[in-house]
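J.: Dock chain B against the given chain A, drawing on the hints supplied.
Just so you know, the sequences run in chain order A and B. Per our numbering, the very first residue in the first sequence carries number 618; after that it's consecutive. Per our numbering, the very first residue in the second sequence carries number 57; after that it's consecutive.
If you are wondering where the hints come from, they were derived from the structure by calculation, not from laboratory data.
Calculated lysine-lysine pairs in the DSS-like style (CA-CA distance at most 27 angstroms, straight line):
#: 1; chain 1: A; residue 1: Lys629; chain 2: B; residue 2: Lys281
#: 2; chain 1: B; residue 1: Lys242; chain 2: B; residue 2: Lys110
#: 3; chain 1: A; residue 1: Lys760; chain 2: B; residue 2: Lys110
#: 4; chain 1: B; residue 1: Lys439; chain 2: B; residue 2: Lys281
All figures in this text were calculated on a predicted structure; none of them were measured in a lab.
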Amino acid sequence: MSQEPLAHRPDKPALLVGLLLLAVAAIVGYDASTQTITSNYGLGPTAMPYVVCAGLVVLGLAHLVVAFREGLPRPEEADRSALLWIAAGLAGLIASIALGGGFVLATTLVFACTARGFGRRAFLVDAIIGFVLGLVIFLVFAKLLTLILPSGPFEQLFL
Amino acid sequence: MDTLLALLNGFSVAFEPSKLLFCLVGVFLGTAVGVLPGIGPALTVALLLPVTFKLDPAGSLIMFAGIYYGGMYGGSTTAILLNAPGESASLATALEGSKMAKAGRGGPALATSAIGSFVAGLIATIGLAFLAPWLVEIAVKFGPWDYFALMIVAFVTVSATFGDSPLRGLTSLFVGITLGLIGIDKLTGQARLTFGVPELLNGVEVTTLAVGLFAVGEAFYVASKRFREPEEIIPIKGSLWMSKQDWKRSWAPWLRGTAYGFPIGALPAGGAEVPTFLSYSTEKKLCKYPDEFGKGAIEGVAGPEAANNASAAGTLVPLLTLGLPTSATAAIMLAGFQQYGLNPGPLLFAEKPDLVWGLIASLFVANVMLVILNLPLIGLWVKLLAVPQPWLYAGILVFATMGTLAVNSSPVELGMLFAFGYLGYLMRRYDYPVAPMVVGLILGPMAEAQLRRALQISLGDPMILLENPGSATLLGIAFIALVAPFVMKGLNRFKAAED
Numbered sequence: 618m619s620q621e622p623l624a625h626r627p628d629k630p631a632l633l634v635g636l637l638l639l640a641v642a643a644i645v646g647y648d649a650s651t652q653t654i655t656s657n658y659g660l661g662p663t664a665m666p667y668v669v670c671a672g673l674v675v676l677g678l679a680h681l682v683v684a685f686r687e688g689l690p691r692p693e694e695a696d697r698s699a700l701l702w703i704a705a706g707l708a709g710l711i712a713s714i715a716l717g718g719g720f721v722l723a724t725t726l727v728f729a730c731t732a733r734g735f736g737r738r739a740f741l742v743d744a745i746i747g748f749v750l751g752l753v754i755f756l757v758f759a760k761l762l763t764l765i766l767p768s769g770p771f772e773q774l775f776l
Numbered sequence: 057m058d059t060l061l062a063l064l065n066g067f068s069v070a071f072e073p074s075k076l077l078f079c080l081v082g083v084f085l086g087t088a089v090g091v092l093p094g095i096g097p098a099l100t101v102a103l104l105l106p107v108t109f110k111l112d113p114a115g116s117l118i119m120f121a122g123i124y125y126g127g128m129y130g131g132s133t134t135a136i137l138l139n140a141p142g143e144s145a146s147l148a149t150a151l152e153g154s155k156m157a158k159a160g161r162g163g164p165a166l167a168t169s170a171i172g173s174f175v176a177g178l179i180a181t182i183g184l185a186f187l188a189p190w191l192v193e194i195a196v197k198f199g200p201w202d203y204f205a206l207m208i209v210a211f212v213t214v215s216a217t218f219g220d221s222p223l224r225g226l227t228s229l230f231v232g233i234t235l236g237l238i239g240i241d242k243l244t245g246q247a248r249l250t251f252g253v254p255e256l257l258n259g260v261e262v263t264t265l266a267v268g269l270f271a272v273g274e275a276f277y278v279a280s281k282r283f284r285e286p287e288e289i290i291p292i293k294g295s296l297w298m299s300k301q302d303w304k305r306s307w308a309p310w311l312r313g314t315a316y317g318f319p320i321g322a323l324p325a326g327g328a329e330v331p332t333f334l335s336y337s338t339e340k341k342l343c344k345y346p347d348e349f350g351k352g353a354i355e356g357v358a359g360p361e362a363a364n365n366a367s368a369a370g371t372l373v374p375l376l377t378l379g380l381p382t383s384a385t386a387a388i389m390l391a392g393f394q395q396y397g398l399n400p401g402p403l404l405f406a407e408k409p410d411l412v413w414g415l416i417a418s419l420f421v422a423n424v425m426l427v428i429l430n431l432p433l434i435g436l437w438v439k440l441l442a443v444p445q446p447w448l449y450a451g452i453l454v455f456a457t458m459g460t461l462a463v464n465s466s467p468v469e470l471g472m473l474f475a476f477g478y479l480g481y482l483m484r485r486y487d488y489p490v491a492p493m494v495v496g497l498i499l500g501p502m503a504e505a506q507l508r509r510a511l512q513i514s515l516g517d518p519m520i521l522l523e524n525p526g527s528a529t530l531l532g533i534a535f536i537a538l539v540a541p542f543v544m545k546g547l548n549r550f551k552a553a554e555d
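Pulled out of the complex, with its shape left as it was, chain A reads as follows (with noise of 0.2 angstroms):
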């Protein structure tokens, strides 16, 4: 990142938060704008949402005015495949849950893909830790607080 021209260049991540606000509210006030039930008297359900909207576009108006001069405070650089290892462990979380794989198999994934992203060179022995640990909270769900968690093949052993 030059520091020179900085101050004629638009702060790209203010310009995006500013358009996404933007965005957000043309889709609260386009959906209120077909809303069919109205209130006879008082106000309706679409009067929040309208305030909202107005709310949402001063906002994003104003982080467009802020790209333009100082910008967004500058994060530091950030480690990429640590971010890409938690998120594939919440993504296979996610398809294991939808797929029926139940809720064993979803916490060693996470377990095991968060303790890689943050550094760790274990895979197995915190895939293990994981296991175990979905387990009792899986039984002890089920049994003490009645309350069945997603439940693929496995866990019907259990059950």
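T.: Chain B in isolation, oriented as in the chain A frame:
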């Protein structure tokens, strides 16, 4: 006299063995999470909400309050021994505390912060017990317009007045309010912003947002910058006990810290950062040994620590009497009340006196437990800091998933958790505060309901908000609080230039 009777009654609830157990678990957990950097009381309560919703409401709420108080105690340990404040409320403590620890006076630093927290907690809880009934009497007369105005004050102060940038705070708040719009409108049954996704009809779960922003967001954030050198734990040398001199230098800062912490915590402006820094700078000015400041002056630990504990008790005043959360933890605790169908406010004092007064009484119990637990177990707390970071955060994410799945076991909910987590990461990265978003999600729908109720009564005339002295004053305060930071910014710049 009524207050004393009610409080005595509360103690009879708080001393039930099961309540004592909940309280003990709470303070223990609270201290632990306070000690661990990166996890605060707000996150812990958010993680526990789904687990506790089948348990006894009074017990769970007592546990949450114990976690809140415990977090304030535990944060000081990390601040002193690691120079890495576990909570933003401990930032001021770290300034002098870590210097004391480096100079071999870690023991007295921990002792003055524990005893100071106890003194402050005790005084502030007494303040809470006597202020609450008085406020409740005022709150009974509140109309919907007053409540609406009060929530506007909370919105503005939580997001705009404190924090680095009012623009970023307000943005966070408005995103939260937008999320609060999602779902079926309670008055008319109109579906809003659901885009035909059936899972969205019930709205966004507070726990999903809170756990996503706090737990998942924090995990992403810490992982993204793990290149930094880990902080070293400073071993405690010498005695834990304070010398006569230490006592002499500590008692006044404790009291002054309490005097800052409780009222500021109780204001809708809220937060623990402001009183701790006010206390720090006051002690710096009043100290008889000004040379010691910056090298480990005990006053600089005693004052801020007392202030942050007192502010925790102060925060509970508007939460219990008005249902108004003024800090992230208070916002999540409000969600805790709501999950049992309880709405804090004057009605709760009338309908469930046992629960409210039991909760207040158990705060005294928690305080005593904390001062007893804290110092002898200091070795255990320090060991907690040795848990490898990868396991710590991996464990947090497993608990986060568990919490979300226990509330609503659908992939859509998990997708939202993931999305909120990434949003929380980006917000931390670009210095947007996350607490206003949670407050917006909780208070947004409440404010809308109050406004609509007010306008139904006035037959649609919005002037009712300005014609009522209560709501007019509050809206005036909100307006000043909104404009002040923009004006003050200019003033600050002026001051800085003068220096």
